[in-house]
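Asks: Following the hints, put chain B in place on chain A, whose structure we already have.
Chains as they are written, first to last, in this note's numbering: chain A, 974 to 1554; chain B, 3 to 346.
Hint data in this document are derived by calculation from the structure and do not stem from the laboratory. There are no misleading hints in this set.
Counterexamples of contact, computed for chain A against chain B with all Cβ distances above 12 Å:
1. VAL1068
2. ALA1135
3. GLY1147
4. THR1270
5. GLY1359
6. ALA1461
7. GLY1465
8. LEU1538
Estimated spans, in silico, between C-beta atoms of each pair:
9. B:ALA167 <-> A:GLN1459: 35 to 43 Å
10. A:GLY1305 <-> B:GLY303: 49 to 57 Å
11. B:GLU311 <-> A:PRO1210: 53 to 61 Å
By construction, the Cβ of each residue, glycine as well, lies at the ideal position given by its N, Cα and C atoms.
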Amino acid sequence: MTGTGRKDGIRKAATQERESQPGPAPAGTRCPEQAAATHGRAAARSPGTASSLPAFFLVAAFVAVAGAPLAAALAVSSRGGGLLASLGAALAAPVTARALSFALRQALASMVLAVAVGLPGAWLCSRYDFPGRKLLKSLSVVPFCVPPILIVLAFVVYYGRAGILNRALMGAFGLSQPPITFLYSFWGLVLVHGFYNFPVVLQGVSATWSTLPRDREEAARTLGAHPFRAFLTGSLPSLAPSIIQSAALVFLFCFFSFIPVLVFGPLGGTTLEVEIYRAARFDGKEELAAALSLIETVAALGMVFVFQLMDRRNTAAARKAGSLQKRGRPRGGAAAALIAYGALVIVFFAGPLLSLVAQAFVVKRGLGGSSRIGFDNFAHLLSGNGPLLASLMDSLATALPAAIAASIFGSLLAVVLRGRKGGRAGEALVTLPLAVSGVVSALGWSIIAPSGSPAVVVLALAATALPFSLRNVSSSLATLDKGPSQAARSLGAGRLRTTLEIDLPSIAPALFSAAAFSFSLTAGDANAPLILGSGGFQPLPVLIYRLVAAYRFPEASAVGLVLALLTGFVFFIKEQSDGRT
Amino acid sequence: MAELELSGLRFERPGFSLSVDLSLPAGCLGVILGASGCGKSTTLRLVAGFIAPLSGSIRLGGKELTGLPPERRNVGLMFQDLALFPHLSARKNIEYGPRIKGMPRPERSAKVEELADTLRIAQLLDRKPSALSGGEQQRVALARSLAASPELLLLDEPLSSLDAALRRELRTELRERIRERGLSALHVTHDIEEALSLGDRVYVMDGGRIVQAGSPEEIWEKPADAVVARLLGRGPLLEVRSIEDRDGSTIAMTDFGSFLVEGAAPAGRCYLHFPAEALQPAVAEALNVLSGTVRDSAFTGRGRRVLLESRGERLSLELPEGFTARQGQSLELRVEPRDCRLLA
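This is chain A alone, in the form it adopts within the complex (with noise of 0.2 Å):
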């Protein structure tokens, strides 16, 4: 039940879009009238667009598909008094102010600590090169394709009160209390989240950063400036659009943050997020959970507002910035942030990691006994009547169907809408999805089949990873090249021919990456099949919450391990590939 499946998609999805922009062509490749023309919006209608029926059947089954529960919601809280009785019903309930003011406080300071800690290393990525830059920017892979359940797993672990690092200093002070005892509460929450998302910050940044001239802040120097004034004038207000898109974004993940809520919360903090599961789940009150869903999606659509704004003034930007920036070596002071840096992530983001793969080896002997290294954790999960292969098999049953659906009908979607007009509208149609939370999306999939059968399940989970795989494709195909495309068809091939034997070959990575995408998400997602599946169905994202509700935390770490070489090791790969910048 991680409220926060989907959202890894938009995150990877904004990413990409950005990364994949024409933007500035580099020196020398493209001039800029053929980079300008390359991109989708401004094109006209590529000599590969198909006919408007087939057109118009795939954008009415994805507005369908994406607005069901949103649909289903609406149905549900017209019920009895009507729309407006249940929605004034639902604000006026104490727990909604309580909870919409929490949601909003949390993702406010979360927001803060991951632009804090991510623009320093926005910073030290862009100006300089040192050993393990590039390690440091894939790490923006690990909020995509680490469930949040795992996330939330590996700071119990690394942070709670039997966790590595108390057990580290009780050991090292001869303390018989752990020192830490912060981590269920707001501010342990907001650890979580800000450590979590940083990444999204610095990748973001960074990629504006490192081709932002640097003449002007060079010309505030010798008009007077010291260097952190020549910063304020010279690059701030360039980089202000990509910092505000990814402190939106981060923003938006947390206020939907559900999972971590749920563990980390203090007493009495809860979310809308939180509320609406509960009242549905616990309470019976669907038509207030529908309303709260609601309530939660109009709020959100204000932070997409925001993230669209940006993210047309970053695209615009970075279409008239320059090259690539040379780095330098790190030298004085730059060599000391950048040891202080990778410290604090050495601690606060790394330790939580490794400290999961590292317990999930450690086998303990009986409560309060001696633990030792091994595989018993790993064999005990496999054995007879042990859970771990049942749930893999689960896992993919579900999460293969849904991803390769939704891979083929966003490839689709994103072939048939490539160069049409109305841009801002199918712009605004495909980012109006990341509005809608995991859980509502799982609750509206729940009102529309209740039944409980796997085949809803992928059919929700299809659902979800559709808006990130259409997102992919289409900036993939917005950057395409038409001149070999155009070449092929003035030697003779046809329309399909060309798509088949020169487009296709050369959209084959974002492909892939929309392919491997939608398998993380669908695969690492516990809202659809918590909400939706029925008892003997259990993915691993739901074997390892069921585990970690069971303080069984070396098994959880152990499935967790399972699940993360599942859903990361694809895009591990992919990004060291493509990590060039």
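Replies: Below, chain B without anything else, positioned relative to chain A:
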């Protein structure tokens, strides 16, 4: 107004090393001329303080600048891409320097108005840089640099993005503004016309070194070596195969003829150089006649560009107006000994 003195200034990065000695008198406009990659922009960045030299010193008006951060050098820099702050109006751009230095608002405004009047941008002050034309942006960038009252103004090819006519107009204006303020300025360019017409002193740079320094006339009339002559492109360079000394005069043998030259030959490998405009139609003579077969002849407007061949060697030559040269024809041209120079 201050004298700039660069002594033993050294800088290195992989594949490139720079070593510069340069002295620019106070109130002078100096121009560093060189092909791209010769180190001219690096020299400016060293003076501005954005990179640190390995050794050597930078003195301005007797004050040691080496080691000071850029903001404490009082050296203005006009960038190739101008580097106007895009989010600030022209006025805010111009008053940025005085504001940082804590000049009170009334004085600041007066300064901006005065500069805007001289540079004819008074009506543009409230516009953002993106709403200004290329030439207007140049004027705003110049005003911004001047408003900070620098002791030395550095100009890194700020005119290079403009079209030829506008460039000429602004060049004159730039010279005038710098002159009337008695500013010392150091300008870098790869444009020969710009260097010669703008500078009081010209420093020709090649491979990280200053290979010749002098007045524009000196440089034009007497290039110090083949590198400078090639850069100026005033006339051909013929490789000298052998040298003969005859009654105190020097005779240089080339693939295109033998030439009597005034003065002695430099040691080692050398080239015969003369200005293309010194070429005259030849009468039957043995010495100082350039001869060969025309392989290609192209009209250039001011004359013809001819590809001449002799003994398997080829030479590209700019012929002044009035010469005819058809493909396949053999061509003979005379050069006076006083126009010939031997360059190392």
